[in-house]
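Counting from 1, one number per residue, gives the positions in the sequence shown under full-length UniProt numbering.
Accuracy of the hints is not assured; some may be wrong.
Below 27 angstroms or equal to it, Euclidean Cα-Cα: the simulated DSS-like pairs (lysine-lysine) are [stated by the list, open to error]: (1) Lys222 / Lys194; (2) Lys325 / Lys222; (3) Lys316 / Lys222.
Quick list of the computed label-pair ranges, beta carbon to beta carbon [as the list claims (entries may be wrong)]: (4) Glu251 / Gln122: 45 to 51 angstroms; (5) Gln321 / Ala107: 52 to 58 angstroms; (6) Pro212 / Arg147: 39 to 45 angstroms; (7) Arg147 / Leu355: 53 to 59 angstroms; (8) Glu110 / Arg133: 28 to 34 angstroms; (9) Asp357 / Ile326: 24 to 30 angstroms; (10) Gly341 / Glu251: 40 to 46 angstroms; (11) Lys322 / Lys222: 30 to 36 angstroms.
Since the hints were made in silico from the structure, they are not lab data.
C-beta: ideal position from N, C-alpha, C; glycine also.
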Amino acid sequence: MSERRRGLGRGLGALIPAAPTGEKTASSAPGGVSTSPAAVPVLTAERGVAAAKVATLPPVSHETEEPSPNGAVEAPPAPVGAHFAELPLDFITPNPRQPREVFDEDALAELVTSIKEVGLLQPVVVRQLGPARYELIMGERRWRACREAGLEAIPAIVRATEDEKLLLDALLENLHRAQLNPLEEAAAYDQLLKDFNCTHDQLADRIGRSRPQVSNTLRLLKLSPAVQRRVAAGVLSAGHARALLSVEDSEEQDRLAHRIVAEGLSVRAVEEIVTLMGSRPQAAPRSKGPRAGARLSPALSDLATRLSDRFETRVKVDLGQKKGKITVEFASMEDLERILGSLAPGEGPVLQKSLLDDDSEDTDA
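Using the sequences and the hints, build the whole thing.
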């Protein structure tokens, strides 16, 4: 009988090499970590799994390699970067800077059941801290589920990752899986800004987000603690939270958040309520001047939205009894120069020259 035909694709093992063994015979690394190609995966025998393919890859044949001038066949270079290993669960600790803090219990229970039935379909990603010590980079939910499923070891991809990139890698994985709530995402952005000492524009480029999206997410950290807890629990959406940011008083924020939950208010309804709250008559004596915070017409609100999208920053349009104003916010001098490039081309270089002149005058003084 002819050999069974293999399916298309070579599995994850085609991309991730096993760790170098140094000998033709399989050997075990110190501490009980199996890294040889013949390592038995922590998977059920009934179902083929990507991680199992990595662990059972055949050795590379050197029959067709060109011999060296002295007649000996040169050994292939040792694999550099990530490699596959089967690690005891107790050797792995969670990432203390994991941006994800809330794990859905129902989804975790489903994953535990799946692992018991068919095994782990995707290895976790770790970095080595020392002998028999590893730290998770990606896959904490899978690691937790394997522990609850009663497994003793887990298939893992071991790779070198620097401390400053640890949070970034974990953040990107969760963003791509859409598994972070808005507050976790905002806290991770804030930590990355501090770690990399970068601007909102630079952070947006690194994580593949737009600058307004990064800035608007970071603004959620200005909400009152009670409202933040509702957002983290998924009771309030990010849209509701952004609408509440226009309410400066924290107690008013809390009361309106309670109304949103109790009455099931839409984001549009909350925005209208916030606008009405801003146009309330104050206790101060009436003035014949312009009324600050007067309710805007839908046309002006739409204009503010379009301008915000065009300039990629927050734009406010305020209308009084006789006159109004447009406010354009900017996060830094670089951000201001970018906005001027769209609003008033040619003014950016003039501003930069004036700033340099001011700096030189201060130095001379």
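We went through each hint and held it up to the structure:
Taking the CA atoms of lysine 222 and lysine 194, the gap is near 17 angstroms; set against the 27 angstroms cutoff, the hint holds. Restraint check: the Cα-Cα separation between lysine 325 and lysine 222 comes to about 25 angstroms, which is no more than 27 angstroms; the hinted pair holds. With a CA separation close to 18 angstroms, the supplied pair lysine 316 and lysine 222 stays within the 27 angstroms bound. Between glutamate 251 and glutamine 122, the C-beta spacing of about 46 angstroms keeps the proposed range 45 to 51 angstroms intact.
A beta carbon spacing of about 55 angstroms between glutamine 321 and alanine 107 agrees with the range 52 to 58 angstroms that was offered as a hint. A C-beta distance of roughly 40 angstroms is found between proline 212 and arginine 147, which places it inside the suggested range of 39 to 45 angstroms. Separated by about 56 angstroms at the C-beta atoms, arginine 147 and leucine 355 satisfy the suggested range of 53 to 59 angstroms. Remark: the range hint 28 to 34 angstroms for glutamate 110 to arginine 133 is upheld by a beta-carbon distance near 30 angstroms.
Against the hinted window of 24 to 30 angstroms, the Cβ-Cβ separation of aspartate 357 and isoleucine 326 comes to about 28 angstroms, which satisfies the hint. Our hint of 40 to 46 angstroms for glycine 341 and glutamate 251 holds, since their Cβ atoms are close to 41 angstroms apart. Distance hint check: the CB atoms of lysine 322 and lysine 222 are about 32 angstroms apart, consistent with the given range 30 to 36 angstroms.
In summary, the structure agrees with every hint in the numbered list given earlier.
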